[in-house]
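Visitor: One letter stands for each residue in the lines below.
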Amino acid sequence: MTAPALSRRAPRWRAFLRRRTMLVAGLAILASFVLLALLAPWVAPSDPIFQDTTAKLLPPSLAHPMGTDNFGRDVLARVIWGARIDLQIAVIGVVFPFLIGTGVGTVAGFFGGWVDALFMRIIDVVLAFPFLVLMLSIITILGPGLGSFYIAMALVGWVSYARLIRAQILVLKTQDFAVAAQSLGFSRARIMFRHLLPNALAGSLVFVMSDAVLVLLNGAAISYLGLGVQPPLAEWGVMVAEAQGFITQAWWITLFPGLAIVTLAFGFSLTGDALADLLGVHE
Amino acid sequence: MHRYRFILFRPLQFIPVLFGISIITFVLVRLIPGDPARILLGTRATPTAIAKIRAQYGLDDPMWMQYLYFLKNLAAGEMGKSTLYKIDVLRLIATRIEPTLALVVMGVVLALLIAVPFAALSARRQGGLADHGVRLVSTAGIGFPSFWLGAMLILLFSIRLDWLPVSGYGETPVDKLQHLILPGLTIALSLSAVLTRSLRAGMIAGLSSDVATAARARGMPENTVFWRHVVPNALVPTVNLLAVNIGWLIGGTVVVESVFAVPGLGQLMVRGIFSRDYMVVQGVALTFAVATVLINFAADIITVALDPRIKL
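Which chain is which? The protein sequence lines are W and V, in order. If you're matching positions, the first sequence starts at 1 in full-length UniProt numbering and goes up one per residue. If you're matching positions, the second sequence starts at 1 in full-length UniProt numbering and goes up one per residue.
Keep in mind that the hints are not guaranteed to be accurate.
Stated by the list, open to error - For each label pair, taking beta carbons as the anchor points, the in silico distance ranges come out as:
1. W/P65 - V/P232: 21 to 27 Å
2. V/T224 - W/F177: 35 to 41 Å
3. V/A305 - W/V95: 51 to 57 Å
4. V/R135 - W/F111: 37 to 43 Å
Unchecked claim - Anything over 10 Å on all C-beta distances counts as not near chain W; from chain V, calculated:
5. K86
6. A140
7. F144
8. E222
9. N240
Claimed, not checked - If we take Cβ atoms under 8 Å as the criterion, some of the chain V residues that face chain W in the derived model are:
10. I15
11. L31
12. G34
13. L161
14. L164
15. W248
16. G251
17. I295
18. A299
19. I301
20. L306
21. P308
Hints listed in this document are in silico derivations from the structure and should not be mistaken for laboratory results. All C-beta atoms in this analysis are idealised placements derived from N, C-alpha and C, irrespective of residue type, glycine included.
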């Protein structure tokens, strides 16, 4: 990137330091949520579905740092256990679309012709639907539940990855190294997946991070609507839904699970922004 | 006028997309396990009604014939009957469009009112404390779940301060407007996080553009340069950004309408899912998809009209 003469860009070392800070902060947030999820049985103050009928709707205190809900369940314990499900949503909800989309994008970009045209039309149609609306339509058929959410996610989410990878492959396949690999007589599969794909992945790795934010928000929203994770399981979206009826008396049941989503999403966003800077990718 | 020629030809490109949309909605309903006639009519349908629907949708014919019947019915504005509300889906949808449309407009207007000043603050003091603050908040803002943000706004403005109604829609225009402020603000806060980033980048580019330099050379004060030349140019890509995000925006209204009990299309869809009112779910999905295609087309026209350099 060449800077114009009159630009007010910060010195390079400051930019570098800022990126490093962003990356470290982002990864630190993600790592602490992973740790919380893994260590939930040992860190959580109590069982997430244990109901203490003598301790309903208690405000935050030393015994219950985030208060208790209408069933007398400890909110902190539920937020910690919720990390298990919500992290799982973000990871599984990204992995399958990523794999399918990468496969389709590579094949479509490499072969071109009618294969490409067919997949591009399918992608146009899927993109014509608002994302959440198509997800909800699929969940209508499959019935509510986390499994349905993952299937719907895989069926709808792959299109963005396919587009991204296809665009990269189209550029890469005309470059010298790809032509050289072809003239050496390598198989098409080898050229596609060993030569072209590794070079095309940088952009989609950045996209994975911002996609994780969207998947997390969607998973929590669908659970909030009652069509994803089902109570009494501790999931942050479900917790907000269950808490809404008590918002006049007990704000803490709503506040803390939401803050958990915001913080985890912020971790993904920071990491994604920092990776975009470091890899020189622009969305 | 050749710049506008695409208005004539672009609709031709819609044809395959619209067919695709109809195929997906058709297949989705047919994938529901059970007798299609009972899915269309509900479980308590009379034998005569079932016989009638079998003929109307050609349910005894092969699948591709059924699809043609489906298209024929669609062309006649026939989207089936709601098993819950007992009226035509098309009429039901027509009564629910207004709140959703008003909510989207409210969300976009409020988002611009929030995003433009913050982007300006950020772009004019690039690298400063305010810039860092705005960028941090807009990065975090993308991760705010709308259902939670809505609940927090209710807590603050309806319960603590008692300024605005908790939920519902109201009867008179003023009443409706009051009811839409909080749901609109919920959508606007998430949307403004996206808009601020794009506007900031556009303004920064505009500040060092030839137009701005020329205006400064004519002795125009920096403030006038900024608001008359930089801001309008930075707003042009925003139209396109809004169009690209329209699907996301519509998804947002579905959730927000449920939080605030706004009787719009999104709430209709969610209720339809729970009461297995499949024709309603299909109708709303179809409406949203067609709206998305049309809004993208409208955004293209607006973009071309706003910037004479753009050709499509």
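Visitor: Against the structure, test the hints numbered earlier, and report the numbers of the ones violated in rising order.
Guide: Violated hints: 1, 2, 3, 6, 7, 10, 12, 13, 14, 17, 18, 19, 20 and 21; rest satisfied.
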